[in-house]
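What follows is the residue order along each chain.
2 protein chains.
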Amino acid sequence: MSEATNGTATAPMNGAESLVRTLVAGGVEVCFTNPGTSEMHFVAALDRVDGMRCVLCLFEGGATGAADGYARMADKPASTLLHLGPGLANGLANLHNARRARSPLVNIVGEHATYHRQYDAPLTTDIEGLARPMSAWVRTGLSADAIAADGAAAIQAARTAPGQVATLILPADTAWNPGTGIAPVPPVPERARADDAAVAEAARALASGEPVLLHLGDRAVRGEGRTIADRIARKTGARLLAMTANARIDRGAGTVPIERLPYPIDQGIAALKGYRHIILVGATEPVGFFAYPGRPSLLAPEGCRTITLATPEEDQIEALERLAEAVNAGPAAAPDTGRRPELPGSGPLDQDTIGAALGALIPEGAVICDESLTTGRNFFALTRASAPHTWLQLNGGSIGLGIPLSTGAAVACPERKVINLQADGSGLYTVQALWTQARERLDVVTVVWSNRAYAILRGELANVGALNPGPKAIGMLSLDDPAIDWVGLARGFGLDGRRVETLSAFTDALQHALRTRGPYLIEVVL
Amino acid sequence: MSEATNGTATAPMNGAESLVRTLVAGGVEVCFTNPGTSEMHFVAALDRVDGMRCVLCLFEGGATGAADGYARMADKPASTLLHLGPGLANGLANLHNARRARSPLVNIVGEHATYHRQYDAPLTTDIEGLARPMSAWVRTGLSADAIAADGAAAIQAARTAPGQVATLILPADTAWNPGTGIAPVPPVPERARADDAAVAEAARALASGEPVLLHLGDRAVRGEGRTIADRIARKTGARLLAMTANARIDRGAGTVPIERLPYPIDQGIAALKGYRHIILVGATEPVGFFAYPGRPSLLAPEGCRTITLATPEEDQIEALERLAEAVNAGPAAAPDTGRRPELPGSGPLDQDTIGAALGALIPEGAVICDESLTTGRNFFALTRASAPHTWLQLNGGSIGLGIPLSTGAAVACPERKVINLQADGSGLYTVQALWTQARERLDVVTVVWSNRAYAILRGELANVGALNPGPKAIGMLSLDDPAIDWVGLARGFGLDGRRVETLSAFTDALQHALRTRGPYLIEVVL
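If you read the protein sequences in the order shown, they are chains A and B. Yeah, the first sequence ends on 536 if you go by the numbering used here, and it's all consecutive. Yeah, the second sequence ends on 536 if you go by the numbering used here, and it's all consecutive.
Among the hints, erroneous ones may be present.
Treat identical chains as interchangeable: a pair holds within one or across any two.
Claimed, not checked - Think about it this way: if two alpha-carbon atoms lie no more than 25 Å apart in a straight line, the pair counts; the simulated SDA-like pairs of lysine to any residue are:
1. Lys283 / Arg249
2. Lys283 / Thr150
3. Lys427 / Val198
4. Lys86 / Pro358
5. Lys245 / Arg203
6. Lys283 / Tyr129
7. Lys86 / Leu392
8. Lys482 / Glu138
9. Lys245 / Ser218
10. Lys245 / Glu39
11. Lys283 / Glu511
12. Lys427 / Ser153
13. Lys482 / Arg63
14. Lys427 / Arg527
15. Lys283 / Tyr125
16. Lys86 / Gly313
17. Lys427 / Pro492
18. Lys427 / Glu450
19. Lys245 / Leu152
FYI, nobody ran anything at the bench for these hints, they're computed from the structure.
Extracted from the complex, chain A is given alone in its bound form:
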């Protein structure tokens, strides 16, 4: 038996090391890991190779959500390391969110050795089957010879516009057998250019004199796209509206303000009322987040025409520039975000005063992760004149993203303060990710809105016509028996925190947390 087949590291490097070196050479510099036995050669290779930061997570949803947050802020993929089918399964909900946010991401999923699969050992599952619903690209490595090229193809897939989830399944023998060294990443295709016909059609709609909405998503909703869209709007009288949830908006003082399509179905329908043309720029057609009895799926009014200027896959900025030219738009104007709110000195602790306090206190350069749900419905409007900052949302609607997302954003941007605005019910899905913040000394403030309920569902129960819920239904939407002690949980995971029940205690705690470097949790009892 050769040294290579009995698993010791030898020259030439094994498949695992070839893969790790390929990832590093391809610009993948962080691995959010939750490894198991089948990944031990990959772990050993991570150990030997410089250039890959390994961030340990206690649960796979923490790893995939962190990779999403990293990708949104770094504009490039991180990797994850997951343990066979069940480990991947635990990461799928946040992969779903990453897919909807169009975040580039490379999953490495360990698998039994190729020859071992046939014996249906206890952890054997259909990993490709599990990966496919949440991945744009899935491949199972067949040999150590090819695994570096597989990894390079995964990077290419992840980086292909608009950003994709790529999942490479790594059988243990493709990791431990001799590899071939670094494989180069094949060229990543440029974003496609939007059709001239689409630009012309959008320009005609804007010239029609009828009400037009520019619906922005993906890259078009970030700073640069919004500035061009604003030039078009000023020239033509069109209005701008962002999607309900957006992967990343750079906003605050000096940026073009934008509202979002409201989440509640009736408000969403009302927001689109009267428009005759909706021009989609990186956005998808406005549809109900859910179906409701007696409500339409499509939110646009009847007779309204939808024009796709640029899909999320296409170059939205370039398309907006052509459209600006076609309508003869003027230069960018100084955006009016209004006046930065005053710190509210007194009053009740409610959504408005909290929003105003956030508006006053968000520091320049902050990254806001927003999984506030019901509590935060006003926060977006109340922070439009804050110091310049970046806002990340829950695109896929699968709750349990905030703590992981803020973890990954902080890894990507160590020099920026990360503030996670966290609904309590949602935060409990991936609460373990707090530990990674403590372990990595990440500069994240988690603010938990502790209403001790699935408040969003109380509204939804009424929306579907169940107007008089009984004790069993109310019980299933309540988290108050027993009440969860969030500060206790935070301390259990190794970070400090404070519980607040008044407005002044909240603003004190937030100011303290913003002054102090490192992870901190504020439980806001509502």
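With the hints as your guide, set chain B onto chain A.
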């Protein structure tokens, strides 16, 4: 618009209520729930219908793992209520464990209304694709008319031997449109009878004079099967061995003692050395839990013949009875489990003294959930003479089962003390399930082995040949920076607990917890 289509509850009952009443009439009396918007009509129906206990979980892995624990102890399915694809995804790892334990289980997974799916709303996913790898039966409801019959078919599938995971996907309009009332559950097929040829072949092997192993799993390893197997063994000189992990073994004083196939690969190979025949009774062929360089996948020695007396699907008890008759086995003898261990009075706090303390203190009728992993390797042997009790293990190898499993076992058996022996790294995957224990006042003692490491992986890293791990590899297997405060976490979730660092403190705490009704957590610092 009729009242039914705008969602108010009317006569005739809607699809959701038809389904809930079908489940209750079919003997499904518990629903472990983590609902969302698309499940609101089902929640409203649960509210209206008597006979279904609703147990709220903070995370879907808690719901599916609890349904597994319930099924093992109640020998019938519970239901779960999960929210679309991502909610199902969060429950998949413990569905994998349930599948491997052959637990009957009915998942109800909410889905967008049938007409809404085409719009690819944010939470839209391929739910069937996600369900299939972990389910024996998957169906998407097509109409409210048929949804009760779909539910009845799901119960039939779940109850089909050896016990299966059935997943019914419930589009919102099949819940809110008018239903048809209760559907009867079609007849559940009897367990198939094992082949006469298999019995004859096993009898020949037992008469050969060569070493024979009776390898027991599924029903054959419970009390009754073990008693018959013991009669065969006494007559023929064969030895009994259970699988490495078993869904349920009723054991302790007065039952036939049995050892298990060891988990570590070399010990597993050694345990099978010398056998010429292995007779499988409800067990699957012994294979390595993982592949290791230079080690075989099949653990039986070369030349050893494997005979399947009865598969897990077949009637193992009846097959054992026929085999006993064929070898002319004598009557059952009083089993010798040895003497119940003394409570160790002094000594270090280590695996042996802990095992001895458990052996002395396990109360009669206790249900032990064992996710001890490395810490608990000796516990099985040291508790063979304890008071009669039931032992549940991690069949699928996907860690994060213990807290949910013990939750479900306690729901099934309110009169029995449940003791969850929990490795710390594993417990952190589904730690939220502690809250459900507090909410439901379940009589569960969780004993956490706090070694602050993925200790099992340290051994595995060496097993694959990485003998000198560096700081990055060691860091990825360590949970000590920061150390997790398990008692703090427990209190955060609303239950009491105690940290112990000495043997006497451990035995005191365990005795206290066994005397006190309700959930309690003991953190054992190792």
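Can you name, in rising order, the numbers of the hints this structure does not satisfy? Hint check: 2, 3, 4, 7, 8, 10, 11, 12, 16 and 19 fail, others pass.
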